[in-house]
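Participant: Use these hints to put chains B and C onto chain A, whose structure you have.
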Amino acid sequence: MNKSTPSLWKATFAIVRKDLAAEFRSFELVSAMLVFSLLVIIIFNFALELDIKVREAANAGILWTTFAFAGTLGLNRSMSVEKDRGCMDGLLLAPVDRSAIYFGKALSNLAFMFIVEAIVIPMYSMLYNVNLFRIDLLVVILLGSIGYAAVGTLLAAMSVQTRMREVLLPILLFPVAIPVLLAAVKCSSGLLAGDPFSDILTPFNLLLVYDIIFIAIAFMTFDFVVEE
Amino acid sequence: MQPRPIGLKILDVVTIIVLAISAYLALFFAPTEKVMGEVQRVFYFHIGTAWVGLLGFVIAAIAGIAYLVSKNMLWDRFEVAAVEVSTVFFFITIVLGSIWARPAWNTWWTWDPRLTTAAITELIYIAYFMLRQGIEEPEKRARFGAVYTLLGGISAPITFMVIRLFRTIHPVVIGSANGTQEKMSMSGDMKIAFFFALFAFTVIFVDMIWHRLRLSALEEKVESLKLNASM
Amino acid sequence: MIQVKKLVKRFGLKTILRGLDFSVAQGEFVALLGPNGAGKTTFLRILASLSRPSLGEVRIAGHRLPHDAAQVRAKLGVVSHMPLLYPDLTAEENLQFYARMYGIDGMDARITEVLDLVGLERRRKDLVRAFSRGMQQRLAIGRAVIHNPEVMLFDEPYTGLDQDASEMLDEVLRSVAAKGRTVVMTSHDLVRAEELATRFDILSRGVITASAARADLKQTNLLSFYKQSLES
Chain A
0 MNKSTPSLWK ATFAIVRKDL AAEFRSFELV SAMLVFSLLV IIIFNFALEL
50 DIKVREAANA GILWTTFAFA GTLGLNRSMS VEKDRGCMDG LLLAPVDRSA
100 IYFGKALSNL AFMFIVEAIV IPMYSMLYNV NLFRIDLLVV ILLGSIGYAA
150 VGTLLAAMSV QTRMREVLLP ILLFPVAIPV LLAAVKCSSG LLAGDPFSDI
200 LTPFNLLLVY DIIFIAIAFM TFDFVVEE
Chain B
0 MQPRPIGLKI LDVVTIIVLA ISAYLALFFA PTEKVMGEVQ RVFYFHIGTA
50 WVGLLGFVIA AIAGIAYLVS KNMLWDRFEV AAVEVSTVFF FITIVLGSIW
100 ARPAWNTWWT WDPRLTTAAI TELIYIAYFM LRQGIEEPEK RARFGAVYTL
150 LGGISAPITF MVIRLFRTIH PVVIGSANGT QEKMSMSGDM KIAFFFALFA
200 FTVIFVDMIW HRLRLSALEE KVESLKLNAS M
Chain C
0 MIQVKKLVKR FGLKTILRGL DFSVAQGEFV ALLGPNGAGK TTFLRILASL
50 SRPSLGEVRI AGHRLPHDAA QVRAKLGVVS HMPLLYPDLT AEENLQFYAR
100 MYGIDGMDAR ITEVLDLVGL ERRRKDLVRA FSRGMQQRLA IGRAVIHNPE
150 VMLFDEPYTG LDQDASEMLD EVLRSVAAKG RTVVMTSHDL VRAEELATRF
200 DILSRGVITA SAARADLKQT NLLSFYKQSL ES
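Protein chains in written order, with numbering that gives the first Met the number 0: chain A, 0 to 227; chain B, 0 to 230; chain C, 0 to 231.
So here's chain A without its partners, still in its complex pose (with noise of 0.2 Å):
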């Protein structure tokens, strides 16, 4: 048997896969995070009355809000699988860098959005006879789903360790979370509304600027949260 210490990308999709395979076995949390997601659509529609003029302007807001919502479900829940059963000493234990820890999970937590964005999104266009795949609208749903798992993997790795817990991630997230949320609803309207991409470029930029900044600030800042 040989042994060397693997590398960082080696130790992060390890951990990906291993959020993935135990996903795939119970599916507890997208289908959680899923059920969730169509609850909130269906309340949105009675509470706004959505009639089809006021509906074009909000299924922005509606999805982004859903995708934070169901988010922030996913993320408390695939943070406390590590907790509960002490696996974020085993994840600490290994002679891997903190930050495979960090990236492993962002990119896990990455993964389960996308799973319930690519469900919610083809039920929403055909409940709502809305288009939404368009490539330039699905980047922008990217780009706001790694800014929102960038960060909340962070904090939720945060609430886990304190008193309140669940509870207290979105009270931490949503306000930090606010700018790439926005910046997100105002590119997707935008683009719904037909405008020319060079009309959502300002917004856009800021949900890259987001990304950037939070990536390597939750980079950098990870091994505060997690040593003792």
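Because the hints were derived from the structure by calculation, they are not lab data.
Small disclaimer: the values here were computed from a predicted structure and weren't measured.
Check the hints yourself; a few may be wrong.
According to the in silico footprint, chain C covers these stretches of chain B (three or more CB under 8 Å from chain C) [what the hints assert, rightly or not]: (1) 127-140; (2) 216-228.
Rough simulated footprint, nothing fancy, chain B against chain A, three-plus residues with beta-carbon under 8 Å [said to hold, decoys possible]: (3) 149-163; (4) 198-209.
C-beta: ideal position from N, C-alpha, C; glycine also.
Facilitator: Below, chains B and C alone, put in the same frame as chain A:
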């Protein structure tokens, strides 16, 4: 109980004096604004509190970084002091702004970028206190607090930039205003009241931070006395 | 193999470890005994590189903690009272995951070897969720030795196990310890400790107050030694 250090005593007196002078300048000395009338006078304290509110949040983020680098608990106390004092001042800013907005914009509240960002910033720091509350261990509390002030300190300006994509009606005080925005023009006496308010609130801010730091030190002393008594 | 000098650990104002000195030679099996709240778990977490010392020096296999944590981690196997396993994965998948995290080549052969060692070869493809507490704990030991560590740390490994499961665990722990490995185990179960350990250290109020080798304990039994050490 230790007596207040002499420097703090002096600063307390100075604080009261500058606050009184600033109030006099704002309420009596500065001329009444032509369009707005008397209500415009809240503006001086509004700006004063907003300035120290923002200053405190910037200081907190810097203290947070300093803590993470040095692991010196002094920085943590500094960070808490700054956030606590600033959260209160920022709340006052929002209230004063509302008082001004009622006659000016005919509404207590509007979803303008500055107002919305202010509200979100306030929520970030309320979340900060909830986070700290849920952690027993002082070092962990300090680490998490530092990371969160850092995130908050960086997300707040981005929030502002994003919300500004929706249009604004808030007057621009310093710097250039674009066509749709009103620009507040100040006479010489107004400027005196304005800059003195900035100065006065900076002094008040320093005084309160000092008190808060002292309070933290005393709290810690009480804790350690309790701990020794229980041993 | 393990040298600890003047170790202090504080949590805020509370001092848990107060200048603890401790050393273990290669191949020793040290049982760390003491009442609840004496600092056993805190001490073991520091040795495991999961917690940083406030003051003092910790060396494991020649590497300093927390500075050389990565090198130490590669040589360290930890079993705690929590299994550190994922219930939605099979025994094999759990071991595969940890094998990848330790960068082990020839993973499958090693996993077979380890499952044999802990007597779970037949349950290879079963979900950990379906395992009894005792089986989970045995698999946890398998997980901890997957990278063939030189030093092993056991933190209350018998917590929540019944008599049968404890006896089975004894065997596994003994075979794990047999290969010249250095072991430190915390326990408040004196009977188990007496069966396994070659040396007994008493940790009380944050320092080691007494230490006795198995040979020295022939006349007196462990219980009276333990009681005497705590009283003094």
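Participant: Take the hints in turn and mark each one as holding or not.
Facilitator: Hints, one by one, checked against the model:
no.: 1; hint: 127-140; verdict: holds (count 3)
no.: 2; hint: 216-228; verdict: holds (count 4)
no.: 3; hint: 149-163; verdict: holds (count 9)
no.: 4; hint: 198-209; verdict: holds (count 5)
Against the hints set out earlier in the document, no violation occurs for any number.
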